[in-house]
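Engineer: Chain residues, written in single-letter form:
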Amino acid sequence: MDFTISDDQATLAQGVRDYLAGVHGPEVLRELDAEESRRSDAVWQGLVEMGLSGLLVPEAQGGLGLSLLDGVGIAIELGRAGVAEPIADTALVAAPLLVAAGGQDALLERIATGSAKIALQHPVNPWTADLDTASHVLSADSDALLLAERSGTARLLDSVDPLRRLFVPASAGGAAIGTSGALLDHAALIAAAQQIGIAEAMLAQATDYAKTRTQFGQPIGSFQAVKHHLASAAVKIAFARPVVQRAAVSLGEGAAHAAVHASHAKLAASDAAWATAETATQVHGAMGYTYEVDLHFWMKRAWALASAWGDRAFHLARIDAAVIGGTLPIGPGHSFA
Amino acid sequence: MDLAYTPEQQAFRAEVRAWMEANVPREPLLTLECEQGYRQHVEWERKLASGNWGMVTWSEAYGGRGLDLIQWLIFEEEYYRAGAPLRANQNGIFLLGPTIMEFGTDEQKARFLTPMARGEVIWAQAWSEPNAGSDMAAITSKAIRDGDHYVITGQKTWSSRASFADWGFGLFRTDPDSKRHKGLSFILFDLNAPGVTRRPIRQLHGDPGFAELFFDEVRVPVANRIAGEGEGWNVAMATAGFERGLMLRSPARFQAAAARLVSLFRAHEAKASPAAREQVMQAWMDAQAYAYNTYAVASQIMAGGHIGAEASLNKIFWSELDRAMHRTAMQLLGAAAELRHLNDGGLNGWLEGYIFSLSGPIYAGSNEIQRNIIAERLLGLPR
Ligand SMILES: Cc1cc2nc3c(=O)[nH]c(=O)nc-3n(C[C@H](O)[C@H](O)[C@H](O)COP(=O)(O)OP(=O)(O)OC[C@H]3O[C@@H](n4cnc5c(N)ncnc54)[C@H](O)[C@@H]3O)c2cc1C
Chain P
1 MDFTISDDQA TLAQGVRDYL AGVHGPEVLR ELDAEESRRS DAVWQGLVEM GLSGLLVPEA
61 QGGLGLSLLD GVGIAIELGR AGVAEPIADT ALVAAPLLVA AGGQDALLER IATGSAKIAL
121 QHPVNPWTAD LDTASHVLSA DSDALLLAER SGTARLLDSV DPLRRLFVPA SAGGAAIGTS
181 GALLDHAALI AAAQQIGIAE AMLAQATDYA KTRTQFGQPI GSFQAVKHHL ASAAVKIAFA
241 RPVVQRAAVS LGEGAAHAAV HASHAKLAAS DAAWATAETA TQVHGAMGYT YEVDLHFWMK
301 RAWALASAWG DRAFHLARID AAVIGGTLPI GPGHSFA
Chain Z
1 MDLAYTPEQQ AFRAEVRAWM EANVPREPLL TLECEQGYRQ HVEWERKLAS GNWGMVTWSE
61 AYGGRGLDLI QWLIFEEEYY RAGAPLRANQ NGIFLLGPTI MEFGTDEQKA RFLTPMARGE
121 VIWAQAWSEP NAGSDMAAIT SKAIRDGDHY VITGQKTWSS RASFADWGFG LFRTDPDSKR
181 HKGLSFILFD LNAPGVTRRP IRQLHGDPGF AELFFDEVRV PVANRIAGEG EGWNVAMATA
241 GFERGLMLRS PARFQAAAAR LVSLFRAHEA KASPAAREQV MQAWMDAQAY AYNTYAVASQ
301 IMAGGHIGAE ASLNKIFWSE LDRAMHRTAM QLLGAAAELR HLNDGGLNGW LEGYIFSLSG
361 PIYAGSNEIQ RNIIAERLLG LPR
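Taken in sequence, the protein lines are chains P and Z.
In terms of my numbering, the first sequence opens at residue 1 and continues consecutively.
In terms of my numbering, the second sequence opens at residue 1 and continues consecutively.
Treat the hints as calculated values from the structure; they're not laboratory data.
We put the beta carbon where it would ideally sit given N, CA and C, even for glycine.
Keep in mind that a hint or two might mislead.
[Claimed, not checked] Simulated coverage check for chain P against chain Z, where a stretch passes if three residues somewhere in it have a Cβ under 8 Å from a Cβ of chain Z: (1) 204-215; (2) 222-231.
[To be verified] Here are some chain P residues pointing at chain Z (derived, C-beta under 8 Å): (3) Asp2; (4) Leu316; (5) Ile324.
From just these sequences and the hints, can you work out the full model?
Structural biologist: As structure tokens, this is what we get:
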């Protein structure tokens, strides 16, 4: 029993964090917002060169062969930096599922080199992200996981998240390569991990603002009402993070109740991110109500990810069946059931 | 990260489980807050000590088992799983004990720790005064040096267990001219010493769970001072850290309450509101989150880390969780919520628990003070 991330995991996440802080600051988000495509080959290439596309691809296929928990550490950083490229879907969700399905070595090699982008399609999501630039579509029907090359185009929707590219999906079809269950759980986990990073980014922005904005002759962060808003957000985030880590381990091991853990992670992280978004807006005053302050990029991503890959009702229903329905052992001694 | 228990840890769990099953009283004890209940709980402490379960993380030299924090968490899980009584010994083993280990002399360790682990001496804490609550640096009770004794005069209040306990520990002003955090010393005293008067205070539930203490020239040996004269504030802050931090409220306590809440919900499902259903799920999720976080903190400490102002995050989380869970239970009970004893004659534990949960956000440093600490020390906001 050891609930710590390793030094290597911490170092990797810190490296990615530093890299993204250097090349993917808010000014990049604003530039992307002005681009028709909302995407940048340069940003994608940078992520690939950092090794992120191959993070979970086995070494034999040119990747780093790391674990889902490593992937969660990186997803947190992608959230923190507001990265909108389809790297999380491709490298952190699709790649491990393709590894588990087996027989996908060629595609995994392409993922590692950054030449394949995988769009994810699932009945729980009415829309599909980044379908236009995807090379492949990994989709789920009621029981099978299907892989197809993307064909044709789709109608672009208008998300409140300025960098999100959502499309009305056509039936993707393709060959069955496995069972469908894991797609939703993995994607919910990676969304949850991004929410942690998004929430921490918003808390940091609001805290910085509270240190510099002065009213009544003092920084607003010296006012207790402001302090307590921010402290409450910090509490929520602190207790969501280990839930996400626990779900990563559970899914990585294919544990019996991994789906419940994924739902718990999605709920805890989304609640924390949503609450932090409201707090951060409030602390910014009217600035928080503008398109000019960077905060809105993260806030809108938090809203989007809260309902993607199973909304609150969907995940609560799964907790309900397990906890009230009694399929999951609960109580002291069942911390890791 | 490895979230599986080792075979040794599983064997340890089985050992604790077997002992608890054989020894936990079949009938629930009376409340710890009344005299007879207190005696029953002390008897239980002695029983625990007879099995060497007083404080499993302490070294064998002091009546412990020299176990690590994961084993402690396992112990606590089995303790609550068995429905074992609350710990009358909590001030000693969770607060003063760690303080003496960090700041005490060898003589003090030898004198105080073993009787503490064995439940032979039950401790009360005495920080608060009528005019020093959240603002503890406003303490005015004095301990004036007289040869190798201090002479204590003043008043303490809200001292848990002090109505019945044996010894107390607290902060006293050893430099009468000092102000605020300076000139305070951390002193242990015998509650039966001449000059100490206890006035039990009835708590919200009606029983005297805490007391006022009056000191009238109470002579205490200088050898009962922990750390240097005038260094009491820092020692007390360490004690407070232990209180908010890892040990005072182990996750098993809330996991047990959440599981009971789920059972209560099932029994009342037909007339429960959809909101109650969601609150029950939230209770389970938050109790689990608290468990994961505690395992994470325990693992970090075992790897050489240490917990500082982060303890304030914990204190807010468990106290607000506890109150929310019990509030939900009160709402599920409907008309029966107000009954102190339910139809089957048993105590309405949810009502008792709800009443107690109201104190969680107040004691051990109010949650407002904890939010100040988080804002100033973790987020770096200006004071
Ligand atoms: C069940 C229980 C057991 C206790 N056991 C013990 C014990 O064993 N030993 C002991 O010494 N004490 C004990 N206490 C006392 C406890 O430590 C104090 O109640 C606590 O520190 C708060 O002090 P106070 O009651 O004087 O409230 P006050 O300090 O008067 O606070 C009243 C309200 O004002 C708020 N407030 C005060 N200052 C600030 C500030 N700076 N910023 C924002 N809000 C503020 C508080 O948060 C609170 O909401 C116990 C209390 C309870 C309820």
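Engineer: All the hints need checking, so say for each whether the structure fits it.
Structural biologist: The hints, checked one at a time:
no., hint, result
1, 204-215, "holds (count 3)"
2, 222-231, "holds (count 7)"
3, Asp2, "5 Å, holds"
4, Leu316, "6 Å, holds"
5, Ile324, "6 Å, holds"
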